[in-house]
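**Q** One letter stands for each residue in the lines below.
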Amino acid sequence: MFAYILRRIMATIPVMAVVALFVFSLLYIAPGDPAAIIAGDQATPADVERIRASLGLDRPFLIRFGDWLWHVLNGDLGTSIFTNLPVTHMIAQRVQPTFSLMVLTLTIALSLAIPMGVLAAWKHGTWIDRVVMIFAVLGFSLPVFVVGYLLAYTFALQLDMFPVQGYTPFEDGFGKWLGNLVLPAVALAGVYMALIARITRATMLEVLNQDYVRTARAKGVGQRAILFVHALKNAAVPIVTIVGIGFASLIGGAVVTESVFAIPGLGRLVVDAILRRDYPVIQGVVLMFSFVYVIVNLLVDLLYTVFDPRIRY
Amino acid sequence: MSTTTLTPDGLTAAPDLADILPPRKARGKIMMFIYRYPTIAAGGAMLSIILAIAIFAPLLWTVDPTALAPAKRTRFPSEQYWFGTDMLGRDVYSRVLYGARISLIVGFSVATLASVLGMLVGVCSGFIRWLDAIIMRVIDGMMSIPGILLAIALMALTRASVQTVVIAITVAEVPRVSRLVRGVVLSLREQPYVEAAIASGTRVPKIIFKHILPNTMAPIIVQATFICASAMLTEATLSFIGAGTPPTIPSWGNIMAEGRALWQVKPYIVFFPAIFLSVTVLAVNLLGDGLRDALDPRLAKKV
Numbered sequence: 002m003f004a005y006i007l008r009r010i011m012a013t014i015p016v017m018a019v020v021a022l023f024v025f026s027l028l029y030i031a032p033g034d035p036a037a038i039i040a041g042d043q044a045t046p047a048d049v050e051r052i053r054a055s056l057g058l059d060r061p062f063l064i065r066f067g068d069w070l071w072h073v074l075n076g077d078l079g080t081s082i083f084t085n086l087p088v089t090h091m092i093a094q095r096v097q098p099t100f101s102l103m104v105l106t107l108t109i110a111l112s113l114a115i116p117m118g119v120l121a122a123w124k125h126g127t128w129i130d131r132v133v134m135i136f137a138v139l140g141f142s143l144p145v146f147v148v149g150y151l152l153a154y155t156f157a158l159q160l161d162m163f164p165v166q167g168y169t170p171f172e173d174g175f176g177k178w179l180g181n182l183v184l185p186a187v188a189l190a191g192v193y194m195a196l197i198a199r200i201t202r203a204t205m206l207e208v209l210n211q212d213y214v215r216t217a218r219a220k221g222v223g224q225r226a227i228l229f230v231h232a233l234k235n236a237a238v239p240i241v242t243i244v245g246i247g248f249a250s251l252i253g254g255a256v257v258t259e260s261v262f263a264i265p266g267l268g269r270l271v272v273d274a275i276l277r278r279d280y281p282v283i284q285g286v287v288l289m290f291s292f293v294y295v296i297v298n299l300l301v302d303l304l305y306t307v308f309d310p311r312i313r314y
Numbered sequence: 000m001s002t003t004t005l006t007p008d009g010l011t012a013a014p015d016l017a018d019i020l021p022p023r024k025a026r027g028k029i030m031m032f033i034y035r036y037p038t039i040a041a042g043g044a045m046l047s048i049i050l051a052i053a054i055f056a057p058l059l060w061t062v063d064p065t066a067l068a069p070a071k072r073t074r075f076p077s078e079q080y081w082f083g084t085d086m087l088g089r090d091v092y093s094r095v096l097y098g099a100r101i102s103l104i105v106g107f108s109v110a111t112l113a114s115v116l117g118m119l120v121g122v123c124s125g126f127i128r129w130l131d132a133i134i135m136r137v138i139d140g141m142m143s144i145p146g147i148l149l150a151i152a153l154m155a156l157t158r159a160s161v162q163t164v165v166i167a168i169t170v171a172e173v174p175r176v177s178r179l180v181r182g183v184v185l186s187l188r189e190q191p192y193v194e195a196a197i198a199s200g201t202r203v204p205k206i207i208f209k210h211i212l213p214n215t216m217a218p219i220i221v222q223a224t225f226i227c228a229s230a231m232l233t234e235a236t237l238s239f240i241g242a243g244t245p246p247t248i249p250s251w252g253n254i255m256a257e258g259r260a261l262w263q264v265k266p267y268i269v270f271f272p273a274i275f276l277s278v279t280v281l282a283v284n285l286l287g288d289g290l291r292d293a294l295d296p297r298l299a300k301k302v
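In the order they appear, the protein sequences are chains F and D.
If you want this note's numbering, it's the 1-based position in the first sequence plus 1.
Residue numbers are given in this note's numbering: position 46 of the second sequence equals residue 45, and the series is strictly consecutive.
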């Protein structure tokens, strides 16, 4: 078991190396002169040269990559072109809102989508099943910012139930923190819920046809116990897999949701950095989010052994 | 065809397939098609309407979508301005209709490009063993970068244009197709008919083009529809946050980005493009769902 965990952790190292190499080499493979584009249209040749030097584009690729990687491994993601602050410092300031949003979204998505999928599989072919499937298609098709604006318009502007925009730190009170985050979290949860509900339904349909479910039913196990104990436990592996893979859409969605609801998180940081062409910040945030994504999927892999004792390493 | 064939020793053989299937005349009719594939019919019809809107935008009582009229800015929807005007006095109705062009161009181009490139990479990966390990590592890495962030990083380094948006989204989508094609190729390689072809000395290019590629088409077409939908969403998202199509071009994401500052008082500027975008993506997704059920009966009625 311990050897397996170690092996899985080791296996993420080459993946992260490729991510780092890719994010870094974007500067070199981009068409045109990135220094000129980052400097903007009003820049003087001296500005362009300054940016070229600060990005290290005047030095050979491999030397520059080694140098950059060494700094990254030591926790230094470079310095922002715009604010001249260390990128790690800027990221650290913005972590809490994004983390809060994601935790709340995950909670909402998991606690609603899994029962929905189970229900749809149990009532397979009925109108309940159809409603869940329609919800899933809508969840995939409605862009996060459209849902966000609809929710904000209805529940904040018209019904005045929640604040329209903004973020209150956790330290300033749980109620305020939650009130600000409910609408963005529900908006963000849409896609994720659609994904999870679909896979839950599909796996449950498969599992409910198994012999052991029939045996459980024959010996008089109640419907709820069959669904949530016998069947759901055996359907868990594909579900946690999609929870891990779908995390990417959660990250992408967070960037937009934060813009709609004016939440000062990492998404806003990236959006502001785009407008200022602050490439080191973009690079740093992309790298960090990819790292989080890899870690989440590593945890999912390790969870397999919990849900399915047959998987032994 | 329907006569029961008698084998030499007098036993009856199984009837031909045609007798089991529904009568031929019932197939091919439009109603029958809608009945059998309701999602394809619905998605296809909705997408055709959007496509017609995009093509015939100049004929649909629109004005120049970029014409400024500062005196008439932020008018609410009325008889003259069906969807109202934005803060520069431009007609939102015309902008939304012309915006359909950008979304469809981006969606279709990315779907085509990503499928072709993904097919190429996937086949190479499935057939050339030493290359496979390298390609799969690169794909693993690329898939660890959330698609939108990858596109943002690319867009920050290039001058914004429709082409660069297409390229940026394609780069983010190719790994998914490559992995799909590689999986199909690897399983096809083990099929008896491919082994037979190899054993009888068929050359590799012929095996790839005659025996492998035709069988990857069904999953690729299904995947391409979903990529088309996701590319439209990504383009709108990129434009919305200011990293997509240049602001001078009316795309749905740009219209929403411009309406963002005013959305609490003039919500219509954001909502009209939002409705069009949602309906278009919904149409493509329905089409994809229907195609998957039709082309892959194993998955039908399940996922």
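The hints are simulated quantities; they were obtained by calculation from the structure and are not laboratory data.
Some hints could be false.
[What the hints assert, rightly or not] On the chain D side, residues computed to face chain F include the following (Cβ under 10 Å):
1) Leu153
2) Met216
3) Pro218
4) Ser229
5) Trp262
[Said to hold, decoys possible] Computed far set for chain F versus chain D, every beta-carbon distance over 10 Å:
6) Ala249
7) Val256
8) Tyr280
Every residue, glycine too, gets a C-beta built ideally from N, C-alpha and C.
**Q** Now, for every hint given, state plainly whether the structure supports it.
**A** So, going through the hints one by one against the coordinates:
1. Leu153: With a closest approach of 6 Å, the Leu153(D) hint holds.
2. Met216: 23 Å, violated
3. Pro218: Check failed: Cβ of Pro218(D) comes no nearer than 17 Å to chain F, outside 10 Å.
4. Ser229: 9 Å, holds
5. Trp262: 6 Å, holds
6. Ala249: Answer for Ala249(F): violated, closest chain D Cβ roughly 4 Å.
7. Val256: 6 Å, violated
8. Tyr280: Nearest chain D Cβ is 6 Å from Tyr280(F), so the label is violated.
Comparing the model with each earlier hint shows violations of hints 2, 3, 6, 7, 8; every other hint is respected.
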